[in-house]
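**Student:** Chain residues, written in single-letter form:
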Amino acid sequence: MLFSCKEKVNFEDKIEQIKKTENLNIMEWTTRNVFEITFTKQFGFENRFAIETKSKIRFCVNLNELKYRVEQNYVIFGNLPNVKICSYNVIEEIQNYDEDIFPLSLSTERNKKLAFQIAIESTKIMIKNLENDTNIQEYSKVALKEFLSSFVKLFGKEAKFEE
Amino acid sequence: MKNKNIIAIIGILTIILIFIFFAKNSQKRAVKMDKSLFITSVKEIKELSVIQVPYHKIVKNKKGLFCEITIILKGYIEGYINLEDLREDDIKIKDDIVYITIPKPEYKFNSNYFNVFKENVILCDKIKLINETIQLGKKMILEDAKKDGIEKAIEIRIKEVLSKFVKSLGYKDVQFIVRDSIRL
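Heads up: the sequence lines are chains B and S, in that order.
For the first sequence, the numbering used here begins at 1 and goes up steadily by one.
For the second sequence, the numbering used here begins at 1 and goes up steadily by one.
In case anyone wonders, no lab produced these hints; they're calculated from the structure.
Mixed in with the good hints, there may be bad ones.
[To be verified] Computed cross-link-like contacts, BS3-like style, restricted to lysine-lysine with a CA-CA straight-line distance of at most 27 Å: (1) Lys139/S with Lys56/B; (2) Lys74/S with Lys63/S; (3) Lys159/S with Lys141/B; (4) Lys67/B with Lys164/S; (5) Lys164/S with Lys157/B; (6) Lys112/B with Lys74/S; (7) Lys128/B with Lys152/S; (8) Lys94/S with Lys153/B.
[Stated by the list, open to error] Just some of the chain S residues that point at chain B, by a computed CB distance under 8 Å: (9) Tyr55; (10) Ile58; (11) Lys60; (12) Thr70; (13) Phe117; (14) Lys118; (15) Ala153; (16) Ile156; (17) Glu160.
For every residue, glycine included, the Cβ atom is placed at its ideal position computed from N, Cα and C.
With these hints in hand, go ahead and build the complete structure from the sequences.
**Tutor:** Listed below in structure tokens is the structure:
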């Protein structure tokens, strides 16, 4: 429970308290990627792998950077802070994996292991780039606005956002 | 497919122009539109596309010993709502607040690329198998998107876009109800 019923809670005290939150979980996002990795073998034979990854990413926002001012019944928020990645989980979609390998190749297993490593590391780089994705930033700001609007409504106030 | 893309681009441009027009007008003078003109304007939007999310898939299709293929299908999920069948009673205006009952968000997969990763088509029609595998992949991607929560994402974006639109017309706030059943 955010508030005690016994005493009247001051809005500014409460918002200052909330501003201390460094990692507010604002939304979860799922991405799926496919990697086609080819290893060239001696005598021109190739080992090819198709690997699909699925990633669940948790985006958070640091409320320390939140700027606001109170004008009569309105709480006007300045530019909202950008979201950042708090955590992520990369899953290999084994059921969709496929390979096209040279049957006599001795290095198939080694190649396969390496291909999965490459796919996972590439996925991690792509996840990191999501922080700069304007769609993600815009989408998560909608979620943050909803949170802040509901929060100020608890105090009988209305939120406005400067853009 | 090309025609559809052209229609989608024209649709998006029309929406942008409507936004710019109303945003400029509302800055000049805060005159609110009456309800019937408001409904006409919203209906003119027709298909409102609000989100595009890339989706990739490895799709395997095996019909027998010498009839199998694996393709890699790439494209994007497009989320939208169709505002064309909006009726007068879907919009209510009370004390500067607009209440809109919006149709259920829809989504489709637009494929822009595929390549054959592996094939063994000695005993079957390759073109037919590829087309069938693409259709299978599209179905799988739509299922993935649903599992990933695309419907919620579209709904949030639609509310954001329509809120901005309604507020640019001079109204104070907007409340939404999502219609989830097909109206007779």
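**Student:** Taking the hints in turn, state whether each one holds.
**Tutor:** Status of each hint after checking the structure:
Only pairs whose Cα atoms come within 27 Å are accepted, and lysine 139/S paired with lysine 56/B is accepted, the gap being roughly 21 Å. Annotation: proposed proximity of lysine 74/S to lysine 63/S holds, straight-line Cα distance about 23 Å (limit 27 Å). Restraint check for lysine 159/S and lysine 141/B: satisfied, since their Cα atoms lie roughly 13 Å apart, inside the 27 Å limit. Distance hint between lysine 67/B and lysine 164/S is fulfilled; the C-alpha atoms sit about 22 Å from each other, no more than 27 Å.
Only pairs whose Cα atoms come within 27 Å are accepted, and lysine 164/S paired with lysine 157/B is accepted, the gap being roughly 20 Å. Taking the CA atoms of lysine 112/B and lysine 74/S, the gap is about 23 Å. The hint holds against a cut of 27 Å. As the CA atoms of lysine 128/B and lysine 152/S are separated by approximately 24 Å, the hinted pair is consistent with the 27 Å bound. Only pairs whose Cα atoms come within 27 Å are accepted, and lysine 94/S paired with lysine 153/B is accepted, the gap being roughly 20 Å.
A cut of 8 Å between beta carbons decides the hint on tyrosine 55/S: the least distance to chain B is about 6 Å, and the hint holds. Because the closest C-beta pair between isoleucine 58/S and chain B is about 4 Å apart, less than 8 Å, the hint holds. This hint holds: lysine 60/S has a C-beta 6 Å from the nearest C-beta of chain B, less than the 8 Å allowed. Checking threonine 70/S against chain B by beta carbon gives a least distance of about 5 Å; that is within 8 Å, so the hint holds.
Checking phenylalanine 117/S against chain B by beta carbon gives a least distance of about 5 Å; that is within 8 Å, so the hint holds. With 8 Å as the threshold, the beta carbon of lysine 118/S comes within range of chain B, its nearest partner Cβ sitting at about 5 Å, so the hint holds. Contact between alanine 153/S and chain B, as hinted, is supported at the beta carbon level, the nearest pair being about 7 Å apart and thus within 8 Å. With its C-beta approaching chain B no nearer than about 5 Å, isoleucine 156/S sits inside the 8 Å limit, and its interface hint holds.
Because the smallest distance between the Cβ of glutamate 160/S and any Cβ of chain B comes to about 5 Å, under 8 Å, the interface hint for this residue holds.
Going through the hint list in order, the structure satisfies each hint without exception.
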